[in-house]
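A.B. asks: Whenever a hint applies, use it, and build me the whole structure from the sequences.
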Amino acid sequence: MQRHRLSPRRAFLAALGAAVLLAGCGHKRPPVLTATPGQPAPAPAEHLDRAPARPVDEGPDVRAVGGEGATSADLAGRTGSGEGGPLADVHFAYDSSALSDEARATLEKHAVWLQSHRNVKVTIEGNCDDRGTVDYNLALSEQRARAAYDYLVSLGVAAARLRTVSYGKERPLDPGNTEEAWARNRRDHFTVSP
Amino acid sequence: MGPDEATRAACRTITQVLRADLRFEGLFQFVPDSLLDAIPPLNADAPRFEDWKGIGARILVVTRAEVKGGELSVEVRVYFVDSGQTMLARRYSGRPDNPRLFAHQASDDIMTLTQYKGVARTRLAFTSDRDATKEVRSKELYIVDYDGFNPRRVTVNNSLNILPNWSPDGTSLAYVSYRQGSPLIYLAKVLEGRSVANLTGEKGDSQAFAPAFSPDGKRLAFASNRSGNMDVWVAGADGSGARRLTTTPASDTAPCWSPTGQEIGFTSNRTGTPQLWIMDSEGLNVRRLTNVGNYNDGCAWNPSKQYSEIAYTARLESGGFDIAIIDLATRQVRQITQGRGSCEYPAWAPNGRHLVFACNRGGRWEITISDREGRTLQTLATGPGNNVQPDWGP
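So the sequence lines, in the order shown, correspond to chains A and B. Per this note's numbering, the first sequence runs over residues 71 to 264. Per this note's numbering, the second sequence runs over residues 5 to 398.
Hints were generated in silico from the structure; no laboratory data involved. Keep in mind it's a predicted model, so treat the numbers as computed, not measured. Among these hints, one or two may not hold up.
Just some of the chain B residues that point at chain A, by a computed CB distance under 7 Å [unchecked claim]: (1) Ser186; (2) Ser231; (3) Leu320.
Result set (DSS-like, lysine-lysine): computed pairs, CA atoms no more than 25 Å apart in a straight line [as the list claims (entries may be wrong)]: (4) A:Lys191 - B:Lys222; (5) B:Lys193 - B:Lys222; (6) A:Lys239 - B:Lys207; (7) B:Lys309 - B:Lys121; (8) B:Lys207 - B:Lys193; (9) A:Lys239 - B:Lys138; (10) B:Lys121 - B:Lys222; (11) B:Lys138 - B:Lys222; (12) B:Lys207 - B:Lys222.
All C-beta atoms in this analysis are idealised placements derived from N, C-alpha and C, irrespective of residue type, glycine included.
C.D. replies: The following block contains the structure:
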């Protein structure tokens with residue numbers, strides 16, 4: 071009768087119950103390899119293909135991943151998104167991109183100002199508070215910026231003078247965790263450039 | 005004469021890391037150290053298997069290391085205690101500066117004896133504000149080993165760099181950067197140290213978000229507002245030939261691929277609240293997935309064909325967020341996190357046995373890992389700052 075034998079893999083799985091892991095640390099003599107007769111010899115030395123896998127932050131080239139040395143000064147002008155500026159922020163209710171009466175009134179003032187400053191362009195930056203998820207907040211802030219964009223266009227502002235940027239919850243004005251901070255962060259911010 | 009200090013240090017690290025790696029895989033139990041005193045010390049050349057059998061060991065893993073001539077050599081042997089049979093014998097050699105890598109390699113080799121692919125050599129990418137200043141509130145991308153060690157910074161442009169997604173071959177990260185003003189998808193070739201800008205070819209002020217490589221690496225799903233509102237699009241991996249998959253006036257975003265590449269999950273607020281939906285990769289056969297709760301986002305489809313399930317972020321009645329998994333066959337939802345503050349943005353390990361996500365506990369966001377049952381949760385010490393939006397690479 072033929073005896074049923076476990077395949078090595080099956081046998082290994084069956085043995086998963088308990089393992090001992092020991093090392094030759096502090097061994098009395100330097101570690102030497104000995105191939106015991108009847109056992110498979112150790113595999114030939116493998117050079118770890120992914121060992122010191124060229125760390126991404128080594129060398130000047132590599133540090134350039136994703137950026138060619140934009141200075142902080144040039145970014146401050148572009149993404150400074152703080153408070154102030156000639157055009158006041160427009161605020162939103164939680165999880166909403168609907169323009170309130172107050173928001174419409176503010177945008178109507180912006181439209182008037184833009185009629186008298188015909189050489190400026192405006193970037194509408196949509197923002198969320200941090201009580202939502204990353205991806206959906208990016209979509210929500212896109213809707214918020216677009217709501218202002220659409221209303222300004224309906225008031226006669228040339229679309230070519232407007233652009234939108236969605237920041238989601240990635241760049242809050244107020245890092246606080248209060249109702250007040252959240253309310254300040256649910257906003258469209260308007261940056262003006264020549 | 006005993007081994008020198010360099011050898012002893014390397015050996016200690018390798019033992020420690022290999023033990024942690026195998027423990028993490030969750031398939032092994034370790035014989036308590038206290039029982040080891042009951043038997044004579046190991047003779048590494050000829051283990052007395054009856055001793056090990058006596059303390060309940062089924063498998064014996066013996067590692068030996070030596071640093072010599074600027075090279076670290078490591079030998080790993082795995083024995084069956086019952087039969088004395090050698091299951092695996094490997095020798096590794098290489099530069100001695102990071103012994104952890106040797107242990108990770110050995111762990112993955114030992115895992116080849118099981119039905120699962122090990123994760124010890126995998127890496128995580130994530131977003132952090134750790135290098136931001138008061139003046140420059142930047143977010144940059146970083147890579148760490150799966151256990152949180154060995155952090156490396158990827159982007160250095162002082163802008164916002166978010167939403168990293170690994171190419172399946174592990175050579176590139178697709179991500180979103182604001183460095184040209186508008187959010188656009190970039191591709192960082194992390195081994196070469198260069199990047200491709202505006203991969204999806206957005207024009208005017210259209211924006212692109214949420215890049216997600218298909219499992220075969222040949223296609224890229226993403227969200228773009230180029231048609232007037234946020235929709236899910238699919239292009240070739242080089243960004244060419246983009247096709248729009250969703251057409252509603254609602255926001256459709258955050259695509260995730262099924263393991264076959266034939267279906268795509270995404271978030272849509274077409275019913276008024278953000279919910280997960282599924283469509284085939286041509287944009288047809290659209291159906292709603294989540295029906296519980298009024299806020300579900302950030303799908304992550306288990307990449308293993310063994311498990312038919314999708315992890316996502318769900319808002320609870322308390323207002324916080326938790327990680328949940330929905331079984332696609334039964335539609336049953338199991339909650340993975342509970343009482344850890346707010347958790348979001350799950351991503352799967354390549355073998356589908358663990359999840360990584362970000363949790364905000366005590367005001368700081370940290371990378372957190374769980375097994376797929378939610379039994380063991382651990383916060384990874386990846387470094388300072390808020391660490392968010394993890395993706396688990398090969």
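A.B. asks: The structure should be examined with respect to each hint, and the outcome stated for every one.
C.D. replies: Structure-based check of all given hints:
1. The beta carbon of Ser186 of chain B comes within 6 Å of a beta carbon in chain A, closer than 7 Å, and the hint placing it at the interface holds.
2. Interface restraint check for Ser231 of chain B: the shortest CB-CB distance to chain A comes to about 12 Å, outside 7 Å, so the restraint is violated.
3. Given the 7 Å rule on beta carbons, the hint for Leu320 of chain B is violated: about 12 Å separates it from the nearest Cβ of chain A.
4. Taking the CA atoms of Lys191 of chain A and Lys222 of chain B, the gap is near 39 Å; set against the 25 Å cutoff, the hint is violated.
5. At most 25 Å may separate the alpha-carbon atoms for a hinted pair to count; Lys193 of chain B and Lys222 of chain B meet this at roughly 16 Å.
6. The straight-line distance between the Cα atoms of Lys239 of chain A and Lys207 of chain B is roughly 24 Å, inside the 25 Å bound, and the hint therefore holds.
7. Between Lys309 of chain B and Lys121 of chain B the alpha-carbon distance is near 13 Å, which keeps this suggested pair within the 25 Å criterion.
8. For the hint pairing Lys207 of chain B with Lys193 of chain B, the CA-to-CA distance comes to about 23 Å; that is within 25 Å, so the pair holds.
9. For a cut-off of 25 Å, the pair hint linking Lys239 of chain A to Lys138 of chain B stands: about 17 Å separates their Cα positions.
10. Proximity of Lys121 of chain B to Lys222 of chain B is assessed by CA-CA distance (about 22 Å); at most 25 Å being required, the pair is judged to hold.
11. In summary, the hint linking Lys138 of chain B to Lys222 of chain B is not supported, as the alpha carbons are separated by about 40 Å, beyond the 25 Å threshold.
12. Between Lys207 of chain B and Lys222 of chain B, the direct Cα distance comes to roughly 23 Å. Compliance with the 25 Å bound is thereby established for this hinted pair.
Hint violations for this structure: numbers 2, 3, 4, 11, all remaining hints satisfied.
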